[in-house]
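There are 2 protein chains.
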Amino acid sequence: ATPKDGLTAEVVVVKSLDGIATRSPDDVTGKIVFYDEPFASEHVNTFRGYGASVQKRIYGASRAAKLGAVAVLIRSIGTGDDDHPHTGSLRYTEDAPQIPAAALGAHSADKLAQILEKNPKAKLFLKMNCQTLPDVLSYNVIGEIKGSENPDDIIAVGGHLDAWDTGHGAHDDGAGIMHSIVALQSLQTLGYQPKNTLRAVMFINEENGLRGGKKYAELAVENKEKHVIAIESDAGGFTPRAFRFKGADSSLAKMQDWMQYFPDNTIDAIRAGGGGPDIGPLNKADGTPVAAIIPDAQRYFDFHHSPADVFSAVNKRELELGTASLASFIYLIDQEGL
Amino acid sequence: ATPKDGLTAEVVVVKSLDGIATRSPDDVTGKIVFYDEPFASEHVNTFRGYGASVQKRIYGASRAAKLGAVAVLIRSIGTGDDDHPHTGSLRYTEDAPQIPAAALGAHSADKLAQILEKNPKAKLFLKMNCQTLPDVLSYNVIGEIKGSENPDDIIAVGGHLDAWDTGHGAHDDGAGIMHSIVALQSLQTLGYQPKNTLRAVMFINEENGLRGGKKYAELAVENKEKHVIAIESDAGGFTPRAFRFKGADSSLAKMQDWMQYFPDNTIDAIRAGGGGPDIGPLNKADGTPVAAIIPDAQRYFDFHHSPADVFSAVNKRELELGTASLASFIYLIDQEGL
Chain A
1 ATPKDGLTAE
11 VVVVKSLDGI
21 ATRSPDDVTG
31 KIVFYDEPFA
41 SEHVNTFRGY
51 GASVQKRIYG
61 ASRAAKLGAV
71 AVLIRSIGTG
81 DDDHPHTGSL
91 RYTEDAPQIP
101 AAALGAHSAD
111 KLAQILEKNP
121 KAKLFLKMNC
131 QTLPDVLSYN
141 VIGEIKGSEN
151 PDDIIAVGGH
161 LDAWDTGHGA
171 HDDGAGIMHS
181 IVALQSLQTL
191 GYQPKNTLRA
201 VMFINEENGL
211 RGGKKYAELA
221 VENKEKHVIA
231 IESDAGGFTP
241 RAFRFKGADS
251 SLAKMQDWMQ
261 YFPDNTIDAI
271 RAGGGGPDIG
281 PLNKADGTPV
291 AAIIPDAQRY
301 FDFHHSPADV
311 FSAVNKRELE
321 LGTASLASFI
331 YLIDQEGL
Chain B
1 ATPKDGLTAE
11 VVVVKSLDGI
21 ATRSPDDVTG
31 KIVFYDEPFA
41 SEHVNTFRGY
51 GASVQKRIYG
61 ASRAAKLGAV
71 AVLIRSIGTG
81 DDDHPHTGSL
91 RYTEDAPQIP
101 AAALGAHSAD
111 KLAQILEKNP
121 KAKLFLKMNC
131 QTLPDVLSYN
141 VIGEIKGSEN
151 PDDIIAVGGH
161 LDAWDTGHGA
171 HDDGAGIMHS
181 IVALQSLQTL
191 GYQPKNTLRA
201 VMFINEENGL
211 RGGKKYAELA
221 VENKEKHVIA
231 IESDAGGFTP
241 RAFRFKGADS
251 SLAKMQDWMQ
261 YFPDNTIDAI
271 RAGGGGPDIG
281 PLNKADGTPV
291 AAIIPDAQRY
301 FDFHHSPADV
311 FSAVNKRELE
321 LGTASLASFI
331 YLIDQEGL
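Protein chains in written order, with my numbering: chain A, 1 to 338; chain B, 1 to 338.
Mixed in with the good hints, there may be bad ones.
All copies of an identical chain are treated as equivalent in the list; a pair is satisfied when it fits inside any one copy or across any two copies.
Subject to a maximum C-alpha distance of 20 Å in a straight line, what follows is the list of computed SDA-like cross-link-like pairs (lysine to any residue) [as the list claims (entries may be wrong)]:
#	residue 1	residue 2
1	121	287
2	316	185
3	4	126
4	214	271
5	316	47
6	246	207
7	146	287
8	316	110
9	195	93
10	15	50
11	316	85
12	123	209
13	214	138
14	316	107
15	316	50
16	66	108
17	195	165
18	316	83
19	254	207
20	226	107
21	127	261
Hints listed in this document are in silico derivations from the structure and should not be mistaken for laboratory results.
Pulled out of the complex, with its shape left as it was, chain A reads as follows (with noise of 0.2 Å):
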């Protein structure tokens, strides 16, 4: 937050925490750092994009800060034309204080530049009273079927619970959920008795440290739980595309000739790479085999981490589309084994 009053202060324009970098105190002392890059649209797959340009939403603050800025703000990191400022966690390093850091919608950060092209010299007011309140005890939730040849063998699928409210949450992780609950409960509603135990898991805090995923893989250790997999959805409810594994290269040659069973237009790939932030620790810690479902990128920085990210943005046929590729996924995996 800054002080209740707010503060006052010129603006320093720089793009990314190259452009920082290359600043001297004598530049920034006592003024807001204003990182306004655009959203890195030339990747097809838009995570690349969001990869690319996140850095400064995370260290930028420690960095303006280290020079003696007061304050920072970016450019929202998202794909929309609008005005929604995105949020998103954001690192201070031991090494400055801690200094107030916001995010503006693109509109607005398309005016600021403007004023500021015009008047280098501008003075920016900025009041803000967000605030961190104590860590309180969550849980994750955790549903299952129980298999009916071997109980102890588990196929995990999940996503996180929690979003950043200033939205629903609703592709973030909301269609995650729903993909997780729902594959599991239409495998149930046709009478399939699963072989393997078939878990779905609501982690809880991803946004903010992973700590429900990092829970999870520990009291899996702790209680020697055997995952065949643990699957991820955490990437919107958008028309699917594509799994992605991460395991031995024969499970993912096998996986591979089940595309067979996936009609034009649905899944047009099983590929190699990592499964999701969730189950990562649960992989680091044993070497549980990891998958995520990847559907279709291009709008999810539209709404991601922003007020978009409502219910009504989610295409009812697009979301049961990827539950039904997550089911048949599940299905093949607990009938063929890895």
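We have chain A already, so just place chain B on it with the hints.
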């Protein structure tokens, strides 16, 4: 239209043309027939679902009129969970009187179905004042970049200019028009000198008889124009998924080799199949090879022929990716030939 003061009649519910075929004049005479069939949403490709659902809109009025019905209503052929009525062409056959026909939005159709389930003798009042105006002269709109090596060899790309004016016609087919114009504009902006003549064609009157496409084909034959290929975009401004091609097997094989130039998550396949409605007449007239860009189909029938097909329903990034894919495809054809 109905008589000026409207008409009031009981309602007979059937599902489809198969449903009306089982009815007799005794069931239907003097009544309104309500075709209450949900969209065939079990097809992953929604265009197949549309194909399976659309016959009752086209022929349902005449079939019901032949049995003595005074009007027909249909549940709109769309996938949206809303109350937009979807329009579209209807064909009166000569063996029956031309009775009024209207579409209901999904929610209104639900409500009517509920009322009729409780009270099958319920009467419905229908008043419509639409009219068919005489034909007027209209035009295709064409722009081209002359080829530097083979100016008489034409690569045409197009969509259609007309739309059902309940909405803006943004996906059907404003997107196709923008795809076509901007694909050529992009190549020009890059300073590209095409070998062949690149032509963007905005066909008129696709929706009500393909007259623009037919006239284009007629004039192409008359003027002995040589088309290398004609490409159509008439399936919305969504994330591109594939191209379809109808022509020599050797040309298709050559194109499939170009898949290497499309990075992950843009074009997944170039496959055999028809071109598009507006270029069909040209293909038929002189055997011109035809192709089409295939965007993701899941949301198309939320918008198609309804008040929801507005500018804001088109995602900028998805539209741009379609344009870029088309520009790449045209470039490859221009460079490599078929």
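Evaluate residue 316 and residue 47 at a C-alpha cut-off of 20 Å and name the case that applies: within, between, both or neither.
between (23 Å within a copy, 17 Å between copies)
Residue 316 and residue 110: within-copy, between-copy, both or neither at 20 Å Cα
between (34 Å within a copy, 18 Å between copies)
With identical chains, the pair residue 195 and residue 93 could be close in the same copy or across copies; at 20 Å between alpha carbons, which is it: within, between, both, or neither?
Neither: 48 Å inside a chain and 57 Å across chains, both beyond 20 Å.
State whether the alpha carbon distance between residue 316 and residue 85 is at most 20 Å within one copy, between copies, both, or neither.
between (26 Å within a copy, 19 Å between copies)
Residue 226 and residue 107: within-copy, between-copy, both or neither at 20 Å Cα:
Neither, since 50 Å and 48 Å both go past 20 Å.
Up to 20 Å CA-CA - residue 50 versus residue 15, copy category
Within one copy only: 15 Å inside, 48 Å across.
Can you give me the call for residue 214 and residue 138, within, between, both or neither, at a CA distance of at most 20 Å?
Cα proximity of residue 214 and residue 138: one copy only (13 Å, versus 66 Å across).
When Cα atoms must be at most 20 Å apart, do residue 123 and residue 209 count as within-copy, between-copy, both, or neither?
neither (35 Å within a copy, 62 Å between copies)
At most 20 Å between C-alpha atoms: does residue 316 with residue 185 qualify within a copy, between copies, both, or neither?
Within one copy only: 17 Å inside, 36 Å across.
Could you figure out if residue 4 and residue 126 sit no more than 20 Å apart (CA to CA) within one copy, between two copies, both or neither?
For residue 4 and residue 126, only the intra-copy Cα distance (10 Å) is at most 20 Å; the inter-copy one is 64 Å.
Within a copy, between copies, both or neither: which one fits residue 121 and residue 287 at a CA-CA cutoff of 20 Å?
neither (55 Å within a copy, 67 Å between copies)
From the Cα coordinates, with 20 Å as the cut-off, is the pair residue 127 and residue 261 best called within, between, both, or neither?
Result: close neither inside a copy nor across copies, 56 Å intra and 50 Å inter.
Going through the hint list in order, the structure does not satisfy hints 1, 4, 6, 7, 9, 12, 16, 17, 19, 20 and 21.
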